[in-house]
Amino acid sequence: MDTNKPLVSVGIPTFNRPQQLKRTIECIIGQTYKKIEIIISDNCSPDHEVTEIVNNYLILDSRIRFIKQPENKGASFNASFVLKESSGEYFMWAADDDEWYPDYIEKCMEILLSDRSIRLCSTEIIVVSDLIQHDETLWISGESTSNNSILTPYWLIREDLLTFGLKRIKRVKKYILNAGTDTCFYGIFHLQTLRDIFFNSSFQSDKYGADRFLIARFQLLYPVYRIQMPLFIYHHGFGVSSGNALNMNNKFSNWQYYGLRINPLLTAYLNMIIDSLSWQVSITDHIRVIGYYLARMAKAKIMRYTMKTPFFGTPLYDYKPPEYPKRE
Numbered sequence: 001m002d003t004n005k006p007l008v009s010v011g012i013p014t015f016n017r018p019q020q021l022k023r024t025i026e027c028i029i030g031q032t033y034k035k036i037e038i039i040i041s042d043n044c045s046p047d048h049e050v051t052e053i054v055n056n057y058l059i060l061d062s063r064i065r066f067i068k069q070p071e072n073k074g075a076s077f078n079a080s081f082v083l084k085e086s087s088g089e090y091f092m093w094a095a096d097d098d099e100w101y102p103d104y105i106e107k108c109m110e111i112l113l114s115d116r117s118i119r120l121c122s123t124e125i126i127v128v129s130d131l132i133q134h135d136e137t138l139w140i141s142g143e144s145t146s147n148n149s150i151l152t153p154y155w156l157i158r159e160d161l162l163t164f165g166l167k168r169i170k171r172v173k174k175y176i177l178n179a180g181t182d183t184c185f186y187g188i189f190h191l192q193t194l195r196d197i198f199f200n201s202s203f204q205s206d207k208y209g210a211d212r213f214l215i216a217r218f219q220l221l222y223p224v225y226r227i228q229m230p231l232f233i234y235h236h237g238f239g240v241s242s243g244n245a246l247n248m249n250n251k252f253s254n255w256q257y258y259g260l261r262i263n264p265l266l267t268a269y270l271n272m273i274i275d276s277l278s279w280q281v282s283i284t285d286h287i288r289v290i291g292y293y294l295a296r297m298a299k300a301k302i303m304r305y306t307m308k309t310p311f312f313g314t315p316l317y318d319y320k321p322p323e324y325p326k327r328e
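Here the sequence shown is numbered in full-length UniProt numbering, starting from 1 and rising by one per residue.
Treat the hints as calculated values from the structure; they're not laboratory data. Model, not experiment: these values are computed from the prediction. Among the clues, some could well be false.
To be verified - Below, simulated DMTMM-like cross-link-like pairs (lysine to aspartate or glutamate); rule was C-alpha separation at most 20 Å, straight line:
| no. | residue 1 | residue 2 |
| --- | --- | --- |
| 1 | K107 | E124 |
| 2 | K35 | E71 |
| 3 | K22 | E323 |
| 4 | K5 | E110 |
| 5 | K34 | E71 |
Work the whole structure out from these sequences, hints included.
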């Protein structure tokens, strides 16, 4: 392990999904960037297999810490808990149903260390529709359709979320116009910067659209880098990461599928306007960004009736999942 490299903390909030959690742990301990700590917080899972699986990994890898909560305190608490427990210079949340290619952390850290003004780095993503794999229906372009009309459950997301080099209001504008699945939330953050925003007294992590609010505020303060390479596999359908990571009861987290009245991104942005005085950002600038956002929504409504493929990406017909060394 290179002792000169900064420590990256990986927080894994989990609840009652032992097999998915096992896959996630394999992905994280198999990263080529070795200087990491892994904090797993089990939100009082009734399935004892969760504890058994993690205990096996505790024997294999000393970088893992495991905390079993005495009672289920909700997804928001669990996400906050792993952040509080982290001791690295950088931090990433890892949902207990997602996957990462082995060089995900290494590639992101190369960017973060090349310019310390960058406080958040993520990559393009591959969406895996668990709904299709489980013979369910999937929302396509705003309409429910049978999985028989879909040839692959794998989709490449190429959201243009690179805001490095832009002024802050333009960063927020670009984020609002391009964020769909909003997987910046699962990128690698500068830990202290994230804590300063996340634990600010005006930020409420259990509120509607909290993850969007977090990234929008982050964009106001610091540039975000998006690596043009899909190194993150996002499971869409049944997991924590398939909705609002800070509010598991939020069924309407994808703003591209639903109307303005139940839109978490706009809700989050309106909250940020109210909060703007403490962050010294012009109300006029916020109003301009809302105008951009409404234009985007109007465009999305038109596209909804014309697109034949899912609104969120390009189909991948030759997708191969990441491979990791098999453990005895």
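Against the structure, the hints come out as follows:
For the suggested pair K107 and E124, the alpha carbons sit about 12 Å apart, so the restraint of at most 20 Å is met. Taking the CA atoms of K35 and E71, the gap is near 31 Å; set against the 20 Å cutoff, the hint is violated. At roughly 14 Å between alpha-carbon atoms, K22 and E323 fall within 20 Å of each other, so this suggested pair holds. At roughly 10 Å between alpha-carbon atoms, K5 and E110 fall within 20 Å of each other, so this suggested pair holds.
Proposed proximity of K34 and E71 is contradicted: the alpha carbons are some 32 Å apart, above 20 Å.
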